[in-house]
Amino acid sequence: MIKVLKGRERRALEQRLKVQYGAKIPENLEVVLQSKKEFRLTTREALQVDIESLNPQGVGLKIAKETKHGIMLSIEGAQLLKPEAKIVNLSLDQAYSWVRGGNLDIKAPEGYVILKYDGYYLGCGLSRGEHIKNLYPKHRRIV
Amino acid sequence: MALSEDGYSKLKDEVFKKEMLEKYSDFIDDMDLFIAYMMEYPPQTVRVNTLKADLEIVVESLESQGFKLERLPWCNYGFKVEGEMPVSKTLEHTLGYIYLQDGASMIPPLALDLKPGLNVLDLCAAPGSKTTQIAQIMGNSGCIVANDVKISRIKALTSNIQRLGVVNTIITMVDGRRMPRRTSTRFDRVLVDAPCSGIGEARRNWAPLRQWAQRRVESYMRLQRMLVVAGFDLLKPGGIMVYSTCTLDPEENEFVIQHLIENRRDAVILGFNPNLRYEKGLTEWHGRSLHNDLSKTIRVYPHHNDTQGFYVAKIGREEA
Numbered sequence: 001m002i003k004v005l006k007g008r009e010r011r012a013l014e015q016r017l018k019v020q021y022g023a024k025i026p027e028n029l030e031v032v033l034q035s036k037k038e039f040r041l042t043t044r045e046a047l048q049v050d051i052e053s054l055n056p057q058g059v060g061l062k063i064a065k066e067t068k069h070g071i072m073l074s075i076e077g078a079q080l081l082k083p084e085a086k087i088v089n090l091s092l093d094q095a096y097s098w099v100r101g102g103n104l105d106i107k108a109p110e111g112y113v114i115l116k117y118d119g120y121y122l123g124c125g126l127s128r129g130e131h132i133k134n135l136y137p138k139h140r141r142i143v
Numbered sequence: 001m002a003l004s005e006d007g008y009s010k011l012k013d014e015v016f017k018k019e020m021l022e023k024y025s026d027f028i029d030d031m032d033l034f035i036a037y038m039m040e041y042p043p044q045t046v047r048v049n050t051l052k053a054d055l056e057i058v059v060e061s062l063e064s065q066g067f068k069l070e071r072l073p074w075c076n077y078g079f080k081v082e083g084e085m086p087v088s089k090t091l092e093h094t095l096g097y098i099y100l101q102d103g104a105s106m107i108p109p110l111a112l113d114l115k116p117g118l119n120v121l122d123l124c125a126a127p128g129s130k131t132t133q134i135a136q137i138m139g140n141s142g143c144i145v146a147n148d149v150k151i152s153r154i155k156a157l158t159s160n161i162q163r164l165g166v167v168n169t170i171i172t173m174v175d176g177r178r179m180p181r182r183t184s185t186r187f188d189r190v191l192v193d194a195p196c197s198g199i200g201e202a203r204r205n206w207a208p209l210r211q212w213a214q215r216r217v218e219s220y221m222r223l224q225r226m227l228v229v230a231g232f233d234l235l236k237p238g239g240i241m242v243y244s245t246c247t248l249d250p251e252e253n254e255f256v257i258q259h260l261i262e263n264r265r266d267a268v269i270l271g272f273n274p275n276l277r278y279e280k281g282l283t284e285w286h287g288r289s290l291h292n293d294l295s296k297t298i299r300v301y302p303h304h305n306d307t308q309g310f311y312v313a314k315i316g317r318e319e320a
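Chains as they are written, first to last, in this note's numbering: chain L, 1 to 143; chain H, 1 to 320.
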């Protein structure tokens, strides 16, 4: 089930992303809501293709999902929207520990934070105040 | 430990079927060198994903981690990489700034003459190497319909499209042979990177060499013929289709294009000239004459550029 967010619905999402992360959705891309929880970005041309009879499995790029703690940005969502708030800068060792699945003992405001190393966005973690819980997808971890 | 001459010969006999070697010696220029390369693991090659990162920054970062990079002459964002650890263990890989892809496999998207804003179909898209390269060349604009037939393959495709940051793609799951009947959409470009017996890929895994059988080649050929015709039928007049395989048997390559030319009058074989050593496609095979323009298609042999083996044909559809 795919729904294209237009007008008020799109503006509401943009406002939430701005408040939560200081992030902005590129104007030239369309926002699609998939399975009620997943926000995706795609091109206008992609939405014009007649795909209903082709058993569509997914459209565009997953940038965020709705959770009980608010909106969680995906790694690609963080890379594309370039958030400016809730950033936690990591050292190289901490960055590698993060992509290997380790939690981080770093103080940060509670809720979702964006991990960053030297210009590389590493996605979202969930801060509990004293430490950050690892949310790096298991299938992308370096083992 | 290097193999003795005896050990090498025994291994060669175990891995290669005699019938296959006899057949291949009719078109491969230097069989000893071909066999030597086929038994060696290929170099690690990557494509820098310029959708996500600046090429020079990624190259500098990898070099600062001790990797040696050598640019591929035919693809300015493709690199041969040498290092003490696998490049797949780097931040750049997990974050989608680089993609592990054989150098020869970067050729088919280059042959498509891509431009921003086009509608492209990748008929047999999984695991997504070429889909994501197409998106990169188009700067994430226009639309790519990335299709495959099995859910297990769709999962790999979905994961790679996400990791590489591709926004302009719709993933579909239908049997490519039936696609022209299921949609009225026609595309500016079509890539048919067909399932094949995979001899060109056997440097990574010898299974295709051990499984090689003429009847297996012919079975793939039947599927490929249907796919290439379906791909062509989904192409707009004036559009371009690329057919490619990672195998070298003429039945899966030139014979498939010959079949298309015989069955679609508006199909024309186009020339292209990537900056690497290649052989022209065959125009005669075991007494059977094939279309002269098949010499415009290209065969990439592993021992010529230290890549996988590949076959690429560029096809145009004449304007009505």
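The hints are simulated quantities; they were obtained by calculation from the structure and are not laboratory data.
Hints may be right or wrong, so weigh each one.
[What the hints assert, rightly or not] Ranges of calculated distance between the beta carbons of each label pair, as one might list FRET restraints: (1) L:Glu38 - H:Ala36: 43 to 51 Å; (2) H:Lys68 - L:Arg100: 38 to 46 Å; (3) H:Ala213 - L:Lys37: 54 to 62 Å; (4) L:Pro26 - H:Asp175: 34 to 42 Å; (5) H:Arg210 - L:Lys18: 39 to 47 Å; (6) L:Asn55 - H:Leu55: 35 to 43 Å; (7) L:Glu45 - H:Leu21: 46 to 54 Å; (8) H:Gly238 - L:Gly7: 34 to 42 Å; (9) H:Trp206 - L:Ala85: 49 to 57 Å; (10) L:Gly70 - H:Ala156: 24 to 32 Å; (11) H:Pro86 - L:Glu38: 25 to 33 Å; (12) L:Asn55 - H:Arg215: 52 to 60 Å.
[What the hints assert, rightly or not] The following residues of chain H were derived to be distant from chain L, with all beta-carbon distances above 10 Å: (13) Lys23; (14) Tyr37; (15) Lys52; (16) Leu55; (17) Thr94; (18) Cys143; (19) Val167; (20) Val174; (21) Met179; (22) Ile269.
[Unchecked claim] Calculated cross-link-like contacts (lysine-lysine; reagent style DSSO-like; alpha-carbon spacing at most 30 Å): (23) H:Lys150 - L:Lys3; (24) L:Lys107 - L:Lys37; (25) L:Lys6 - L:Lys107; (26) H:Lys280 - L:Lys37; (27) H:Lys89 - L:Lys3; (28) L:Lys65 - H:Lys89; (29) L:Lys68 - L:Lys107; (30) H:Lys155 - L:Lys65.
Yeah, the Cβ is synthetic: ideal placement off N, Cα and C, and Gly gets one too.
Can you give the numbers of the hints that this structure goes against, from lowest to highest? Violated hints: 2, 3, 5, 12, 15, 17, 18, 19, 20, 21, 25, 26 and 27; rest satisfied.
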